[in-house]
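**Q** Given chain A, work out where chain U should sit, using these hints.
There are 2 protein chains.
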Amino acid sequence: MAEQTVFLDGGLVTSPKGFVAGATFVGMKTPGREKMDLGILMSERPATTVGTFTTNKLKSGSVVLTEQHVSGGKVRAVVASSGIANACVGEQGYIDAKTMVELTAKRLGLQPSEVAICTTGIIGVELPIGLIRAGLPKVQLVQNEATLGHTARGGYLFSRAIMTTDRRPKSGAMRVHVNGTDVTIGGCVKGSGMIHPNMATMLAFLTTDANVEPGFLRSALKAVVDDTFNMVTVDGDSSTNDTVLLMANGAAGNRPVEAGTPAAEAFQAALYEMCTFLVKEIVRDAEGSEKIFGVRVEGAKSKQNARLMARAIAGSMLVKSAIHGNDPNWGRIVAAAGRSGADIEESKIDLLINDVVIMEAGRPIVFFKDAVISLMNQPELELTLRLRLGDGEAVAWGCELSEEYVHFNSAYTT
Amino acid sequence: MAEQTVFLDGGLVTSPKGFVAGATFVGMKTPGREKMDLGILMSERPATTVGTFTTNKLKSGSVVLTEQHVSGGKVRAVVASSGIANACVGEQGYIDAKTMVELTAKRLGLQPSEVAICTTGIIGVELPIGLIRAGLPKVQLVQNEATLGHTARGGYLFSRAIMTTDRRPKSGAMRVHVNGTDVTIGGCVKGSGMIHPNMATMLAFLTTDANVEPGFLRSALKAVVDDTFNMVTVDGDSSTNDTVLLMANGAAGNRPVEAGTPAAEAFQAALYEMCTFLVKEIVRDAEGSEKIFGVRVEGAKSKQNARLMARAIAGSMLVKSAIHGNDPNWGRIVAAAGRSGADIEESKIDLLINDVVIMEAGRPIVFFKDAVISLMNQPELELTLRLRLGDGEAVAWGCELSEEYVHFNSAYTT
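Note that the protein sequences, when read in sequence, are chains A and U. Just so you know, we're using the numbering used here here: the first sequence kicks off at 85 and counts up by one. Just so you know, we're using the numbering used here here: the second sequence kicks off at 85 and counts up by one.
Excised from the complex, chain A in its bound form (with noise of 0.2 Å):
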């Protein structure tokens, strides 16, 4: 990495200059473990916004109308809304996300062109638009200077609006020097262990207060995101509702960050590094989990390859028991890679946990089993797989599979 980046302590997505939040609850969602429901996040000033969006084919009405808005080029706003996903509503749910849209435009006195909305929660209800109507006048938009304590911040109580069954709010923010200037990365997420087999929305708001050239933005989001957010979903799975955001405002007041340049390459890199760290976060917060784990795929075919066979094995449900049980059960990992569809040849595979070999050049390497398993005994652990193919590599994130994680699927809408 070109530049040092520095993690803030208690970052949030407010962290970057010029930004501000707030939220209420409106009753959209049972008060549970967390109240707050209904969030609005913005630029104070024009910004520049991109986005990544769901790839599932039955959308909700939220994403068709902040797709729409995003590549109309104005986008400085977003409404959030936990609790109910408004999707499989019909045309009402594009209806009410036009709806919801406009008066928080109005609330805030833009363009509904420069308000994005993105909504979470059950699916198959319509959006309650009274309380959403009555309930946006409430919401105060403050910035991370206010003096109100920790917990009266903006971008805390918007991190909190987009909870479903999140355990906590998930939120970071870091520093990075690019063309001369320091500059600030936030944001914050929302999905939890839904998102890892399948559906259930993941939502991401990432802000900056760097000023950088709008194309190079929505490649740098793309890339990014590619590399992170689309390593813990499976197999291109995403929900109704997945949406990403990039808001990025300029008022750090550097020179443009354009793309080829070494502060476009800083600037990805802290990009990536905070989205790695947010990933990270919603793998954590997965229901029932107290484990994480990185696939390293190194010595692939391909990129593409990597990636394949990386998910594969994050996503599968044999090594993700394993792992829970701390059981260095190295033939499900090398039999995910064998079904993944990436190339792979078994004479040349090396595995490694931690950095403990368990297999090399396709062959078991004996070990002493009470050792790895009291190695595996660790809140974050990682697989390595070396192929030796050719120069493709990547890392996916995966949970455990806990007792819990069932017991609490089990029950969800009942």
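Treat the hints as calculated values from the structure; they're not laboratory data. All residues carry an ideal CB built from backbone N, CA and C; glycine is no exception. Hints are supplied without guarantee of correctness; some may be wrong.
Some but not every residue of chain U turned toward chain A, in silico, with C-beta under 8 Å [claimed, not checked]:
#1 C172
#2 I207
#3 G208
#4 P212
#5 T324
#6 G415
#7 G422
#8 R423
#9 I428
#10 R447
#11 P448
Just so you have them, the derived chain U footprint on chain A, three or more residues with Cβ under 8 Å [as the list claims (entries may be wrong)]:
#12 147-160
#13 214-227
Each computed DSBU-like pair below joins lysine-lysine, with the alpha-carbon atoms no more than 30 Å apart [unchecked claim]:
#14 K453/A - K119/U
#15 K141/U - K453/A
#16 K182/A - K432/U
#17 K432/U - K141/A
#18 K385/U - K432/A
#19 K385/U - K364/U
#20 K119/A - K141/U
#21 K364/U - K306/U
#22 K141/A - K387/U
#23 K385/U - K141/A
#24 K385/A - K141/U
**A** Using the frame of chain A, we list chain U on its own:
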């Protein structure tokens, strides 16, 4: 279906005429539920044997050798063992498979090219050829007609010799009228929980005394396997050892069954019924599972689309968890349908749980939840998704995801 089929009480892989089988224990697996670990199945007369094999890129040497022998066209016997998969052991895997086949051929008075081999169990451990050599003479080949009682029947012993984590042996046989003659189809399978999410060997041995033209036998098996066994394994994943063999020895004396005739249709329909029965047995026996469900997709754009979607739904951890909890969570079902890659239009979808309509034309129907929950509290369920886009139809099979599954699979090798 053109002809009536009749399931036979206590049907076995040796129910068709001219097949004998037997098994013994040589010490390849820890004596637990099941002691038999080495079995032989043989046709007393020359037979036509066809097969389908794993698509995993890391194949057991046993599979490689069996594919060669089956394509040679002379196979009439198979030796099967459980406890050790003979996979991921380098070149030794193929060498040991050859030795085991040679020893078996000698024991049976056949040529090695007439013998196939199937192995299942732990990966990465070499076959104990010494134990196998010592054990083979102990295998007594017996027909069903033997008067030694159920547990001494050859086909029954053979079905026990292929078990690993299976809770019980799984066999069946049926009679069907073909070209004016009663013919019998028998089968037994190995495969349990682990089949489901991915690896873990699935072995199926099918036998028939029908006289069937080899080319048609091959195409019938392929078509039926695609519609049955391949509809329980998710995304084409398969273990290092998956094998389905079908042996036809003509002992029933019927006029040959030839492609394109009513007899061919009747035979293939019966084979489909037999394999569906065995597939349901596999799913029913999955570790920790008490409940199975079929996912029927109707009106898909193509058969391929229907398969893709049915498998995506049956393999979804969230759907499987919901089935476990008797939760009529249709949102998870349609979200899995939406991400499957198959075409879908929200406004055209109907969804039924058993015969109760839960969703119509893309909108949820108000139903009495407690009634549906109690409806779901049965050992077997059917979900039907109607897409109204074409003629494609497919059924996939899944089992609930229970806490016991996770518990069991966290401690498999340890």
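**Q** So, for every hint listed, does it hold in this structure?
**A** Outcome of the hint check:
no.: 1; hint: C172; in the structure: holds (6 Å)
no.: 2; hint: I207; in the structure: holds (3 Å)
no.: 3; hint: G208; in the structure: holds (4 Å)
no.: 4; hint: P212; in the structure: violated (16 Å)
no.: 5; hint: T324; in the structure: holds (6 Å)
no.: 6; hint: G415; in the structure: holds (3 Å)
no.: 7; hint: G422; in the structure: holds (4 Å)
no.: 8; hint: R423; in the structure: holds (4 Å)
no.: 9; hint: I428; in the structure: holds (5 Å)
no.: 10; hint: R447; in the structure: holds (6 Å)
no.: 11; hint: P448; in the structure: holds (4 Å)
no.: 12; hint: 147-160; in the structure: violated (count 0)
no.: 13; hint: 214-227; in the structure: violated (count 0)
no.: 14; hint: K453/A - K119/U; in the structure: holds (26 Å)
no.: 15; hint: K141/U - K453/A; in the structure: holds (27 Å)
no.: 16; hint: K182/A - K432/U; in the structure: holds (24 Å)
no.: 17; hint: K432/U - K141/A; in the structure: holds (13 Å)
no.: 18; hint: K385/U - K432/A; in the structure: violated (42 Å)
no.: 19; hint: K385/U - K364/U; in the structure: holds (26 Å)
no.: 20; hint: K119/A - K141/U; in the structure: violated (50 Å)
no.: 21; hint: K364/U - K306/U; in the structure: holds (18 Å)
no.: 22; hint: K141/A - K387/U; in the structure: holds (18 Å)
no.: 23; hint: K385/U - K141/A; in the structure: holds (14 Å)
no.: 24; hint: K385/A - K141/U; in the structure: holds (14 Å)
Hints 4, 12, 13, 18, 20, counting from the list given before, are not met by this structure.
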